[in-house]
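Here the protein sequences come in this chain order: A and B. For the first sequence, my numbering assigns the number 17 to the initial residue and increments by one for each residue that follows. For the second sequence, my numbering assigns the number 14 to the initial residue and increments by one for each residue that follows.
For the record, the hints were derived by calculation from the structure and aren't laboratory data. Treat the hints with caution; some may be incorrect.
These stretches of chain B come out as covered by chain A in the derived footprint (C-beta under 8 Å, 3 or more residues) [claimed, not checked]:
#1 200-206
#2 227-238
#3 265-274
#4 311-324
In this text, a Cβ means the ideal position worked out from N, Cα and C, and glycines have one as well.
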Amino acid sequence: MKLGITTLAMAAAGVLAAQEAPVVREGAYWVGSISDSFAIGPQSSLQVSTRGTVVVKRGSGDQVAYRIRQRVRAATEDRARAMLGGGAKQVTRLRGRTVLAIQPISADNVKTDLEITVPSQVSMLIIRTEVGEIDVAEFDGGLDLTTGGGEIQLGKIGGSVQCFSGAGQVAIEKTGGAIKCTTVGGNIAVRDAGGPVALSNQLGGNIRVDKAAGDVRAHSAQGMIEVGQSGGAVIADTQGGFIQVGSARGIQAESAAGMVRVKNDAGAMNLATMAGNILAELLGGARIQDSSLVASGGDITVLIPSNLAMTVMARNSSGNGPRIISEFPEIRVSSTKFFQPLMAQGAINGGGPVLNLSATSGVIYLRRK
Amino acid sequence: MNSCEKVRTQLAMLLYGELSFDEEEAVDRHLEGCAECRTALEQQRQLHLAFDQVEVEPPASLLWESRQRLQQQVAEERPPISSRRGWWDQLIDSLTLRPSGNGGWLKTAGALALLTIGFVGARMAPNLGPQISGMSLADAGAQRVRSVGPAANGGIQIVLDETRQRVVSGQLDDQNIQVLLLSAAKDPFDPGLRYETVGILNDRAQTSEVRDTLIYALEHDENAGVRLKAMDGLRPFVTQPEVRKALTGVLLSDGNPGMRTQAIDLLTQGLGESTNSLPGKALDLDRDIIGTLQELMNSENNAYVRQRGQRVLQLVNASAETY
């Protein structure tokens, strides 16, 4: 075949919950389920393609075990059997990857749940579900998840995570590696990432990253972005909402409407907001680089440690009495001509990286920490 | 004033929609029985239409010319100044709008001096003296010199207009705090402020006033993040009719599929798909929600949201189609 199927080592094909499978009554539903398993080699990659909810559990040994459960509401058992029959499952090997393809009934009234137990020797798990939630409580390897729509819930993941949801929230507890996730709409929350994080929310929703070992990139069409602690730089932008960073090694943040509130350990800060205040705190011992803070409709407040060496250049072009208030005598506010921007500059502790501040409708505060 | 005269004075306000409900009803009642007033109303309406159709682009010089004319008129109306007045009084007169006679050059100089003092005062304010330099940064606000004058000790007294920030603290059940929070939840400029406010109000949604504010945010806030937050707060109150109504609105009209998904979750809360209902017996779900879900099936283009809707309809033994 020229479809890239190199081998068909395991052509375990079958039908789903068909006439021979038991169908039992569970509450309001008729439920048909089948279970099966197959062996998989160490350090292998497993792909699951299906339609419906996928729940992944951690297993041991070399067996991948799975149970497909289909539910339907029907007046009689015969009718239920007729509605549940016709699906198919197949295990193949494709380009060195084991593929479990489940093709359940595509009718919307049949709900398909797949529960799969994956041994730790699987290093990469790929899930493609046309529609439905994905729930992985614990997995040692990496994940690549795509759902046409549905919530993605991940617990402790040893490797990296890549995911996409056509609709719904994404919640990730802990990963050992990088995270790259997108949802069309809904909140995204990451508790603890072992590597860099890239999150995107295409139509809106809030993004929250409590802790990340590497860089954090976050984009939200409409929503708040909160990053607690980043081991690298934070690059964040939102069309509407605040951006808040607890600590980072360099920050680039842009909000079209909302406050930007950051604490920076090191690196450059490039912050801009069209409407909202900027509050930037430089942490003690910070090794900052040249930075720029621009507020088009709000105040800028910078908290500077007393021992930090830096050069400040501030410009306030607010129309009605521009103000720059500094607690540093080294920074001299120049007297200006009428209707000209108010300028201030000076070298703190002998000078250092340049901090450029620009406000067009607000006050600039330089405060000593 | 007879009733016709009174109504005529209210016609313009009626057309602008500025009458109270009771006033509008009274005017309507009068108009029903008074052909003359109806004619007058129609004439006003035509006048408004005519105004609406005329687009006037005022010349750029209009403002300047108007100011000039105003200045001339003010100068002409001022009484002559007494030549026996002291220099301080003359200076004060020139710095204030108190009528004080001619002396055009002095007025111009005074205006400039006032402007200069204003600018310098605003710049220097934090360092002017113990009272001001003692102010914290949070106290500093926009300042403008309103007037200057001699102080009792031979110094100068300057009166400042200040717009300053104020910190208000209190408990959540404090009426003043609640009023401020309800106002902040609708702040049109800062979605971050709205989000944080909604987050606080979420704990207080048992009061109808707070709930109404959350519903308002859910239905009207342009920011999906704020809407999602408001939905969190309404979760425990999903049985309330007004909350269900708002959620059905979200389901049918919110552009964000994440919002629609959560709206289905809430509307069908308690309809767990593992519910142990009797075979063949439909679960309870009010007709409005069923109708909404059926309508959703016609318009929804997101497969997941469709599936969720369909599943719920199936659960309550309802058709997925509308007839």
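Practice item. Closer than 8 Å, Cβ to Cβ, for at least three residues: run that test on the segment 311-324 of chain B against chain A and report holds or violated. Key: Three-residue rule met by the segment 311-324 of chain B, so holds; n is 8.
**Study point:** Outcome, coverage of the segment 265-274 of chain B by chain A - at least 3 residues whose beta-carbon is closer than 8 Å to one in that chain
**Key:** Satisfied; 7 residues make the cut.
Exercise for review: Closer than 8 Å, Cβ to Cβ, for at least three residues: run that test on the segment 227-238 of chain B against chain A and report holds or violated.
Suggested key: holds (count 4)
**Study point:** Coverage criterion applied to the segment 200-206 of chain B (partner chain A; beta-carbon cut 8 Å; 3 residues)
**Key:** Our answer is that it holds, as 5 residues pass the Cβ test (under 8 Å) against chain A, meeting three.
Figure legend: structure checked against the earlier numbered hints; every hint is met.
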